[in-house]
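Peer 1: Now for the letters of each chain:
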Amino acid sequence: MNTGTDKRFAREKLEVSRAYRQLEPAMPPPELDERIARHARAVLPRPDRSWRAPRRIGWLALAASVLLSTMTLVLINLRSTPRNVEPSVRMIHAVATREDRAQLRYPAPPAFVTRRPGETLPYVAPLIPPRRLYSTDPPGSHRESVAPSAPEPDLRRDPQRWAAHIELLDREGRTGEAAAERREFRQAYPDLH
Amino acid sequence: MDPRDDDAELMLRYQAGDARAFDALYGRHKGSLYRYLLRQVGSASTANDLFQEVWMRVIASRQRYTPRARFATFLFRIARNCAIDHHRRARSTPVDAQEDGALAIDTAFAPDHERPDFAMESRQRLFRLERALHALPREQREAFLLHEESGLDVMQIAQITEVGVETAKSRLRYAIGKLRRSLEESDERVAQAV
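From first to last, the protein sequence lines stand for chains F and U. According to our numbering, the first sequence is numbered sequentially starting from 249. According to our numbering, the second sequence is numbered sequentially starting from 2.
Hints may be right or wrong, so weigh each one.
Below are the DSS-like pairs computed for lysine-lysine, each with C-alpha atoms no more than 27 Å apart in a straight line [stated by the list, open to error]:
#1 K170(U) with K261(F)
#2 K255(F) with K179(U)
#3 K179(U) with K261(F)
#4 K170(U) with K255(F)
#5 K31(U) with K170(U)
#6 K31(U) with K255(F)
What the simulated footprint calls covered on chain U by chain F, stretch by stretch (three residues with Cβ under 8 Å from a Cβ of chain F suffice, anywhere in the stretch; the number is not a length) [what the hints assert, rightly or not]:
#7 34 to 43
#8 123 to 130
#9 152 to 165
Not everything, but these chain U residues come out facing chain F in the computed CB check (under 7 Å) [claimed, not checked]:
#10 N49
#11 F52
#12 R89
Hints were generated in silico from the structure; no laboratory data involved. Note that beta-carbon positions come from the ideal geometry of N, C-alpha and C, so glycine has one too.
Work out the full structure, taking the sequences as your base and the hints as a guide.
Peer 2: In structure tokens form, the structure reads like this:
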């Protein structure tokens, strides 16, 4: 084929090609696109774990939040319930008075009470019961163990206790008070001194 | 693999499981492939079926795909085989059905609002071109459509159609010559009308 024919062919081809390009650019319908794309994905191997991981993390987060809420509720309930028994020994904060300290020594009955030969006085209980520094009692119960100081009239009605009180005053060095008490004691109970 | 052919690269990525690569590949070739099939068979519904079948075959053969030639060559070879199968089936169908197909060609190519009676002169020209294209022998039409739609050269068209290069070139020349004459006739009619 000579050059002239080739040139004419090239010109005709260009002209026809240009006209052909003006034809309606037909395209496949969108539903066909979707169907093919879906099929192209369906034949691929299943997604690896990286796709499942978020779903699993979601379940774990849900389980953890449920567990945490349950634990929180249980703790709140436990704290609001008072404890009946304290298993461990607890310290009670109490201040012992001078009289308490004296009573803790468990003094013997005063000698001046036992005036008659061979007669012994019975054991005199302390005026204030000794406080226990350690207790397993519930909080606040130590207050009940703190006995109020004996009222004067009661003390003077009981000669043994009065005598013990005078003896205690003597031991504590409150001799003036002890002597005054002793004088009153002898006036009230002249047969006992 | 042709280093300039990134279509083959996309196909290899799809082979490895990348669905987006297939989307890109499909987007590049869907228009040209669809027009090739539509103008080969002349019926939109048949073209839809064949179009889907071509892509299904591409998807099914992804594991066996090796980039020995351009991806377009691979794709249009499958399309040609599907079209040939269709023509074989159409030959064995009853005459009434074939006439339905012929009717479908007319309606697909020239809706009423685009018929010469109703359209502009340029429309008439294009309509004649379209009719001339459809009137071409199948081999010549195939050569022309492969040349126009796939962008392949004569050698690649010869590969796809399984003929020699000179045969492919000859078919293309004949097709272009006939189409050119149809355009000239159209221009002469317009000139006479004026």
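Peer 1: Find the hints from earlier in the document that the structure breaks and name them by number, from lowest to highest.
Peer 2: 6, 9, 12
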